Every structure is written in structure tokens, then in C-alpha cells.
Amino acid sequence: MAPNLRWFHRLTATIRGNRLQNDLDDELLFHIEARTRDNIASGMSPEDAALAARRMFGNQTLIAERTRDADVNRWLDAGVRNLRYAARVLVRNPAFTITVVLSMALGIGATTAVFTLLNAALLRTLPVKNSHELVTLEAHVKTADGDRAMLDGRFDFPALADGSASHVELFVTSATSAKTTFGDLAEQISVGLVTGNFYSVLGVQPAAGRLLERPDNTDTDANLVAVLDYEFWQRRFSGDPSVVGRTIVLNDAAFTIVGITPRGFTGISLQEPANVTIPMQAEFRFGNSWSYREIGGRLRPGVSREQASSVLTGLFKGRPDHRDDVIVAKDNSRGEYRDRHRFEQPLYVLMGAVTLLLVIASANVASLLLARGAARRREISIRLAIGAGRGSIVAQMLTESVLIAVLGGALGVVLASWGAATVAAMFGGGTTALPLDVRPDARVLIFTTAVAVLTGLVFGLFPAFQACRTELKPTLQETTNVIGRRPRLVARRALVVAQVALSLVLISGALLFSRSLENLRTFDSGFERRGILVAWFSPDQRYTVERTHQLHADLLQRVRSIPGVEAAALASTPVLTPGAYLNFLGIEGQSRRCEVSMTIASPGYLETMRMRLVAGRLFTADDDRTGAAHTVVVNQEIVRRCFGGQNPIGQRVVAGVGWRIAEVIGVVSTGKYRSLREDAIPMYYIPPHSRPAPLALHVRTSFDPRAAIVPIREALRAVDPAVPLSSARTIEEHSEESVIQDRLLAFMSRLFGIGALALAAVGLYGLVAFMVARRTNEIGLRLALGAQRMEIVRLVLAESSWLLVVGGAIGIVGAYAGRQMIQGLLFSVSPTDWWNLLGASAALFAVGLMASFVPAQRAARIDPIAALRHE
Amino acid sequence: MAKNGVLQGTLDLLVLKTLESRGPIHGYGIATHIQTVTDNVLRVEEGSLYPALHRLEQNGLISSAWRTSDTSRRARFYQLTTQGQRELKSEEENWEAVTAAVARVLQFT
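In order, the protein sequence lines correspond to chains X and R. The first sequence begins at 0 in numbering that gives the first Met the number 0 and counts up by one. The second sequence begins at 0 in numbering that gives the first Met the number 0 and counts up by one.
Bound conformation, chain X alone (with noise of 0.2 Å):
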């Protein structure tokens, strides 16, 4: 057989075992023939030449065992035999074992749990067929100051849909909430609203029944129709198929339930997937306008965004409400994730960090490694002597590593999973959240025996070529007690450098984010964040804008009458929570219209969120009377952009809805909107009779303002027991939430600075105490020769100090290359931040010498009597 066939033969006599075996019958047979024809042809009767030939032969099974065991073992013999070599020392070292196993467990869990919530966030497409084809629409609208996202009812989907049919096939979805009801119990459940072709263009399979097709997207009642989310059809019927064709019934109208969703499909979107799927057309039953929409859809094969983008933008190019907007066809094989922007960075960042804590992790591993492998010198001296080639001692280290890698990274998806989703379930709370599904996939569970077996080759390759270096004579003929040559630890000094460098860096990480979420906690927002719930309640159809005015003031004077109620006001959009009202802002007898943000806010509003009055004064219960004159109150970046810095009071300005004229009262300092990190947002207020909108009701209070929505809820009913109080929460809570990828990378840095510490700390006491443990004898000779106690303390710790130095060094310089990547996600802290720097190397300097006191400690105490005595 050829020599480059051999691998082929070996592979196929493993795997067709059976092949093999009769064609090793048929050889072993021809043997016993041909001796029996031998036997006959020398003149034996058949039947004993028969049984002659067997009887020498032997047992032809055990023969045909061997000879087999010959083919196949040589191919997994060295493998296996090594597997089980590198087991049986394992298990011989408990405690050793326990040790670096746990390491390689809590460096390879903490990489696999951050390497999960990235796959969750950013990596992993939808579930259906061929999701890199999956577009959603994006209008680049000119506006006077700039360009702005927004594809709104302009973009008639029709003429979209029809005008681009050849490129792209494109689907509308929306969502908003229904009431229903389930026996007894009344629940407000998610409603997705799309067109009939939704689940088609996917080529999405239903679970069970059907799914929603084109002919459904018709105006009647006969289409009235249904599809089940996968996980509402488990939780709320127990995935009961006989549901299908029943109805559900939501606000009021009956739809008919004709399928049920596949499992692990939640839409194309990331987040909260609607419970009960209906198609576009049954919108109105909610009497809701207010709704918005998204157009998606899949391109043609063979079409790139590029091209469904300039078809798309063709369309309207050129009509008189259109002039120069343009429509992206984005990609959307991933789902849409509305924090995606959010956690991006801090999740790359924070998986640097993590590599970094494995290597850490890696190098104690590898230190003990070498110390033990040092202990095996001779063994490996003898093996060598006996005739093994380095060639296999090295595999044989190797193996014992990748084994201890493979082993903690089985541990460490253990802890990964439990780790992802104890994260995911801290910042999965609110509007703002990392995506929930955090089970692993087959990309993390790649990833992590990637990493396992990498890490375990890596940090192996120490000890295995300390084994090549590994000289015959000498080995054989040192004992412990020769002073003089002796290896001096280079790669462990090089690993607790390494260590020591790696852990600043993350300890300095760590207090660049804590500070920089501290300071987004406690910087001027422009308000006082504290003390402050917001709720909302809703009225209604009943209520028309003059009633609406009248339980408005009825409720406000109830809530401040509530014993700790500091101020009680209502304004239209809660400051850090997203949305706004983008309006425009003109100067009576000046052209130019500034674009502008607009909150309507009711008299006592500015002061109860504590706005700084600048000039001018605040609004009066005066300002807010039907028939008033119309005021408003701006900021002042709105004096800086639209009144070029002079002074506005008293001047005469439209605003934008409906154009009328109003006074400009008073200017407030320019606070922070919609977020913490927002730039600078021109803002001006009016008073809600200027323009009806839903209110939200905002009471500071003395005490825990959430202690405040029960007496509110008391309020409300005695009111108007008809108007449930929708949601409370403090602005507090909205500020947490929109510096939550803040939290997340303040938490996780934390967690790895403090574990970067530790692996460091440990692995500087394992170095230490194993060279005090080689220096006993010279440290009994200086003790005996009359050396303090304190300067062999101090020779010790002499000793780490300058590894904790170079490692130090090499650490701050390593913090000063990476501080690009951090610099965006800081708030007002420098990454290069000289105290950060100092604050890092001193608690690394404290922990790292008091870790080597132990041992310094314990080489004080030696008894240079025994130490002399001890060979």
C-alpha cells in the first residue's frame, strides 16, 4: 500500500471494524489450510492433520484479537494511552487537581458567560431560512439641522411594496397591547400587527394550525384571525393544540386562534415578542392611532442592499413632500434589538477583559504546571533514560493539560449558563435590557471547547518544554541539597509579571467605570433625580380635553394633599425615558425655524423636577386657563441656537403645532432629556392647555417615592374610580436604566478586576512560598550566621516587590496602549487617569505584599538548626 494511503487505511479499519475482522478470519483460516494440506501431503490421515494444524496453531481468537488490537490500537493507542496516563496523575493529585481545574472552570466560565451574552446580543441571526437576506427600511429625512431617521405615514407601504416588488419583498409590522381575558383573569397582553405576507417572506413553519397568509389581510370580520406566540400557547393554554380554532378574544373583538408560531421564533425582533400575532388590517379594532410601524423585508436573490436601497429611494425621489430623503435597506439578519448600539462596545470591551482574566487564570494554571513539573524531573529523567522520545513526553504534558482545560471548561459551562443568565436577569428588567435568551448555542458551546482546548495547549506548552530541556546526567544525579547551579524560575517570574501587568490593567478598567458610572449617577442633570415618581394613568374616551383639564386638576390637588408630598405636577414626557416631541420653533419676524424638543408641562412641573429658573419666571395656574394668552418657557441652548444668545424674554415665537403665536416667559438652565450622555438638546415647555396630550403625573416626595403610589392609587379612585393608575416608577429607575450598559460594564469589570486580584495574588504567594521552600537551607545559614528575623522578612519581600514593580510597569504602560478602546464608554474620567493609575498599583502593591508575607513570614521562622540539618 502506498505510504500516503496509510492514514486512510488506519481511519477505515477503525471505523468498518467488522470489514477487517473477516478478512483477518480468512487469513488466519488460510493458515490453518494450508498446514493441514502440508500435514496430509507428509502423510497423515485428513481428520488428524486437521486437528494437528489447529492444535498448533493455538487459540485462533486471541491471535486474531492481537493481530486486530496490532491494526487498530496503534492509531488511538499513543492517544488514549496518554489520556489515561494523564487521568491516572490527576486523580493522584487531589488537591492540585481541585485546584487547577476550579482556575481553568472560573477563567473559562467567565469567558464562555460574557462570550454568551455577546452571541445573544450581536452574533446570533434570527431563526429562519436564509436571514442575511432580511432588510428592514430606514428613511434619511434632510432636515434643517441635519439628518433624521424616520420613515413615517409619507412612505405610503403600497406604492413601496408595488414599486419595489422586483428587488424586494417587503412586510409591514407594528405592535401595541390588548386586554384579555382568561377565566376570571383579565391580563394586558403584547399584539403584534403585521401584513399578511409577514410569515411567508420569513418562511416561517407553523407549530401548529396555520400561520397568517395574504388573504387575511382584508378589512372583515370573517378575518378576524389569530397565530399564538410558541411561549404565550405553553404558559397560557399548556400547549393545548385543540386551541386552534377557538377564539381569544381582545378588547372586545373576537379573533379566531388558527395557528400557533414554531418554537424559538419570536418575530424579527429581539425583544418582548408579541403574545398574539393578528394581521395589519384588524388595527382599528384597538381605536388606536397612535401606533407605530416598521417596514422589513427580505431581498430578492441576487440583490444586493445597495440596489432594493436605490430602487426604494427612486420611488419617491423628487415629490414635492419628499424632496432629498433617502431609504436604506439596513441589514436585519440579526433581529432588531433596540439596545443593540448600547451594548455593543461595553460587550467587546468587557470580552477583552475576560480574555485577559483567562490568561491570568491560565498562567497560575501553568505556574503550578512548571512547579510540579519541576517535582517530575526525575520521573521525566527516567522515562527519557528508558528510551521515550521527547516527542512523546511532550505530547504526554500536553495531553495532561488540554485534559485539565477540558475538564474546567465542562465546570465552566456549568457556571457560564448559570452566570449568562443571573447577568441577564440583573439588567433584564425595565425598557432598556441585554436580550433574555442567554441559553447557550452551538457557537458558544464551539467556542468554549475552542477556548478549552487552546488554553489547555497554550498554558501547557510551558511545562512541556521545561520536559524537552530536560538533560539526562545531571537530573539523574541532583539531589535536593546541591547549592549552587539551579534553574532559576524564569518562565514562573515571567508568569507572575504577566499576572501582575494583566491584573492592573483590569483593576485600573474597573475604577475607570465605577467612577464613570458614578459620576453619570451624580453629575447636575439639570433636575434633582431623587425623590421623584412618575405615573401614568389612563383616561378614556369619556374624557374630553375639558374634563380631561378638570380630573387633572382635581387629581393634583388630591396628591398634594398626600402627607410627604413635597410638589405634585404633569408633564407629557418623562425626562430619561426615550421619546420626545420634535417640533420646530420660529421667531416672529425671522425666517429661520429651529428644530427643536417640546414637553408640555403643567404650572409647578419645573419646579418640582427642582429646573434652575436662569431668567424671566415659571408658569402660573394664570398660564394655564382656556382662553390664556399662550407662553412658553425654553432652556438655554434654545436661547444659544435660535435666539443667538440674547436675552428672549418677552419675545414672540410660533411653535410648531398649530403655529400659534406665544410669549417667551422664562429661560431654564439646559438639563438632560432623554439621556444621561445626551449632548446639549434645545427644549422649550408649555402649559398642557395649549395642546392636549397624555399627561404623566410627577410627585416628589419627602420619603421613598415609591412608597407614594398607593395613597396616589388612593387618589386617583377617589377621583374617578374608572381611571386605573397604568404604570409608577421614579426617575431614579429611568435614570439606572438608560446608564445601564454603565452598570453592566461597572459590575463586570468589578467582578473581573476583584478575581484578576485575587489569581494574581494567589499565584505571587505560590512563587514566593516555593522559593522559600528551596531557600531553606541558605536562609538557616544566614540565620545561623546571625541574621535578623526582619531582614530575611525583607529579603523576601524584596523579592516580590520588584516582580510587583516590573509587573507594575509593564501594566500601566499596557492601560495607557488600551485606552482607546474605553474612551467612548467613559464619563467625564479620563482613561489615562494619573490617580486611577496610582489608586490600581496600590491596591495591587498592597494585596501582592500581603500576599508574600506569609511565606515571608514563614522563612523568618525557620529554624536554622533543623534547615541545616534538612537535606
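These are computed hints drawn from the structure, not numbers from a lab. Careful: at least some of the hints might be erroneous.
Claimed, not checked - Here are some, though not all, of the chain X residues that point toward chain R, as calculated from beta-carbon distances under 8 Å: (1) Glu32; (2) Arg36; (3) Leu61; (4) Arg65; (5) Thr66; (6) Asn250; (7) Tyr815.
What the hints assert, rightly or not - Some residues of chain X that are not near chain R, with every Cβ distance over 10 Å (derived): (8) Asp22; (9) Ala33; (10) Asp37; (11) Gly57; (12) Ile62; (13) Ala63; (14) Thr135; (15) Glu186; (16) Ala373; (17) Glu378; (18) Ala679.
As the structure is a computational prediction, the values presented were derived from the model and not from experiment. Just so you know, even glycine gets a beta-carbon here, dropped at the ideal spot from N, CA and C.
Go by the hints and put chain R onto chain X.
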């Protein structure tokens, strides 16, 4: 000749040498060849021969193929590879050196 069995390692040498001189040959042929050539002094046990043949093949020193024997029965024939020839040469030299050395020890009185 189970009693004064062939030294481990020596069997490989005998097999390789047999294959060199007898060309493609089956296992039984190898066994009888060694027995005949040594006037029944050396008898190769089947229990050692077949594992050895398969091991040598896995190591690439010999190769095998199924052919029809002179009694028109299907049999597995082995032959040396180039690598096997090299190995045989060095094994032979080694053997000569060892036997010469042993002889010198035995002759020393």
C-alpha cells in the same frame, strides 16, 4: 519452538528478511520458510506472527494485498516497502553488531 521463542524484536528482523528474499508471500509461507531455513530450530508462533505482520504494516514497513495462492485459495500476501528495506538494512547491521559483541563476550575466557 515456543520453548526457546524468538527474541522480541528479532521476529521483526526475521519477517523482514524473509520478505526480502521470498518476495510477496503469505503468513503461512513466512512461518514455513523460517522453519525450513533454520532446520526447525526456530519456529515462529502464529500468536506472534500475525500481530507482528499487522504492526509492521501499520508502521509502513511492509504492505499487503489479497491474491490467489498457488492452491487457488484467496490469501493475504505481504511484501517489503522501501521504508521496510531501509529498516531491514539497519536492523541487519544492528544484529551483526550485537551478535559480534555477544560472541566476543562468550569467547572471552
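Here is how each hint holds up against the structure:
{"no.": "1", "hint": "Glu32", "result": "holds, 7 Å"}
{"no.": "2", "hint": "Arg36", "result": "holds, 7 Å"}
{"no.": "3", "hint": "Leu61", "result": "holds, 7 Å"}
{"no.": "4", "hint": "Arg65", "result": "holds, 5 Å"}
{"no.": "5", "hint": "Thr66", "result": "holds, 4 Å"}
{"no.": "6", "hint": "Asn250", "result": "violated, 76 Å"}
{"no.": "7", "hint": "Tyr815", "result": "violated, 56 Å"}
{"no.": "8", "hint": "Asp22", "result": "violated, 7 Å"}
{"no.": "9", "hint": "Ala33", "result": "violated, 4 Å"}
{"no.": "10", "hint": "Asp37", "result": "violated, 7 Å"}
{"no.": "11", "hint": "Gly57", "result": "violated, 5 Å"}
{"no.": "12", "hint": "Ile62", "result": "violated, 5 Å"}
{"no.": "13", "hint": "Ala63", "result": "violated, 8 Å"}
{"no.": "14", "hint": "Thr135", "result": "holds, 59 Å"}
{"no.": "15", "hint": "Glu186", "result": "holds, 69 Å"}
{"no.": "16", "hint": "Ala373", "result": "holds, 35 Å"}
{"no.": "17", "hint": "Glu378", "result": "holds, 25 Å"}
{"no.": "18", "hint": "Ala679", "result": "holds, 77 Å"}
Consistency with the previously given hints fails for numbers 6, 7, 8, 9, 10, 11, 12 and 13, ordered from lowest to highest.
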